[in-house]
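*Asks:* Please put together the full structure from these sequences, using the hints given.
2 protein chains.
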Amino acid sequence: MADGKGGLGPRGGETLLFLTDDQLRKGIEAMFFAYRGFTADPDRILDEYGYGRAHHRAIHFINRSPGTTVTNLLSILGVTKQSLNRVLRRLIEDGLVEARVGASDRRERNLHLTDEGQVLERELSEAQSDRMRRAFRAAGPEAVVGFRAVLEEMMDPEQRRQYHRLSEAGR
Amino acid sequence: MADGKGGLGPRGGETLLFLTDDQLRKGIEAMFFAYRGFTADPDRILDEYGYGRAHHRAIHFINRSPGTTVTNLLSILGVTKQSLNRVLRRLIEDGLVEARVGASDRRERNLHLTDEGQVLERELSEAQSDRMRRAFRAAGPEAVVGFRAVLEEMMDPEQRRQYHRLSEAGR
DNA sequence: AGATTACGTCAGCGTTGTTGACATTGCCAG
DNA sequence: CTGGCAATGTCAACAACGCTGACGTAATCT
Chain A
132 MADGKGGLGP RGGETLLFLT DDQLRKGIEA MFFAYRGFTA DPDRILDEYG YGRAHHRAIH
192 FINRSPGTTV TNLLSILGVT KQSLNRVLRR LIEDGLVEAR VGASDRRERN LHLTDEGQVL
252 ERELSEAQSD RMRRAFRAAG PEAVVGFRAV LEEMMDPEQR RQYHRLSEAG R
Chain B
132 MADGKGGLGP RGGETLLFLT DDQLRKGIEA MFFAYRGFTA DPDRILDEYG YGRAHHRAIH
192 FINRSPGTTV TNLLSILGVT KQSLNRVLRR LIEDGLVEAR VGASDRRERN LHLTDEGQVL
252 ERELSEAQSD RMRRAFRAAG PEAVVGFRAV LEEMMDPEQR RQYHRLSEAG R
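Protein chains in written order, with the working numbering: chain A, 132 to 302; chain B, 132 to 302.
Hints are computed from structural coordinates only; laboratory data are not their basis.
Be aware that a few hints might be false.
It does not matter which identical chain is used: a pair holds within one copy or between any two.
Listed below are the simulated SDA-like cross-link pairs for lysine to any residue, each with C-alpha atoms no more than 20 Å apart in a straight line [stated by the list, open to error]:
| # | residue 1 | residue 2 |
| --- | --- | --- |
| 1 | 157 | 233 |
| 2 | 157 | 297 |
| 3 | 157 | 209 |
| 4 | 157 | 290 |
| 5 | 212 | 197 |
| 6 | 212 | 249 |
| 7 | 157 | 211 |
| 8 | 157 | 239 |
As the structure is a computational prediction, the values presented were derived from the model and not from experiment.
*Replies:* In structure tokens form, the structure reads like this:
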């Protein structure tokens, strides 16, 4: 294994040249460097507000699914409730997030962005979208299809379900 | 801006449907979930050894460019020397990394993995490559091209240079 | 000889993740 | 109604890993 040619000899059959160790390594390094770029712009903005990536993620997904519960957010973010709570508490104190007592189940808290929260969300998502748009435009539509296909295959099944669930919810 | 159609009307000209807000958002979320998958397997292994992602990154790039200097590693990783030093010190103490005094410039330290370091590197990179290989195989060669194209466009120019420099060094 | 470079290190701090324990509130089944 | 469980919040402690600032040493360069 790890001979870089999937066990086939040189030019064996369908020459799976895109599965060589070299190609895989490039994919790994591309993910590393690209993720840095992916987070760089929001990071700069967050820094001005004294927030971190965790705040960004919470804001993103609350905006994405308004009225979501803490438990649901917990499962999407994949962190402990203590960790999320620290972030959420601050966002609520700062008036960016509102936690309304659930209508049907009063134990639940339905999370919403306030107007102020939406302003920050806008700023963050525009910065990130701008970079994504430039990358998409430069790479072209077919590349985008491939990009998303590979990323989706890289997710754990559970994460993949979350990923699709979000799109469904968006009608 | 951010009307999702690049300023064009519905089906205007070359219908840039792959640049809609919805497509961009999916790209953003795909990056988030995929990166989790990308790091999940190494994270599990690192945990057993009591290491974190920072150790993984150091090991990866030392293996990638044996004999590299601390300064060079610093610029690739994009962290402060204090942060890297903490990681490096432990890897050296644990006997995974060796820092040899530079031959031409004795101020420099040329970093190498020891045999033991190479064992861990192997374990980590195989875990990560396995996932990447499965994703590549499932998505197909054309998707892989697109995947890498978009990722590359997402990098900052400096990161992009680093990315290419690594490939050149590998001859 | 003085400036600069490469590296290491001490100290302190912030974010964000963890585990463990515990309290409150509210839904629900028996 | 009561006991069990679920949803949430919170305290405390800890670790990983970023950061800034300040020094110190050795080696190289000008």
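*Asks:* So, for every hint listed, does it hold in this structure?
*Replies:* Consistency of the hints with the structure:
no. : hint      : in the structure
1   : 157 - 233 : neither (48 Å within a copy, 29 Å between copies)
2   : 157 - 297 : between (30 Å within a copy, 9 Å between copies)
3   : 157 - 209 : between (28 Å within a copy, 19 Å between copies)
4   : 157 - 290 : between (24 Å within a copy, 13 Å between copies)
5   : 212 - 197 : within (19 Å within a copy, 42 Å between copies)
6   : 212 - 249 : neither (23 Å within a copy, 37 Å between copies)
7   : 157 - 211 : neither (33 Å within a copy, 25 Å between copies)
8   : 157 - 239 : neither (45 Å within a copy, 28 Å between copies)
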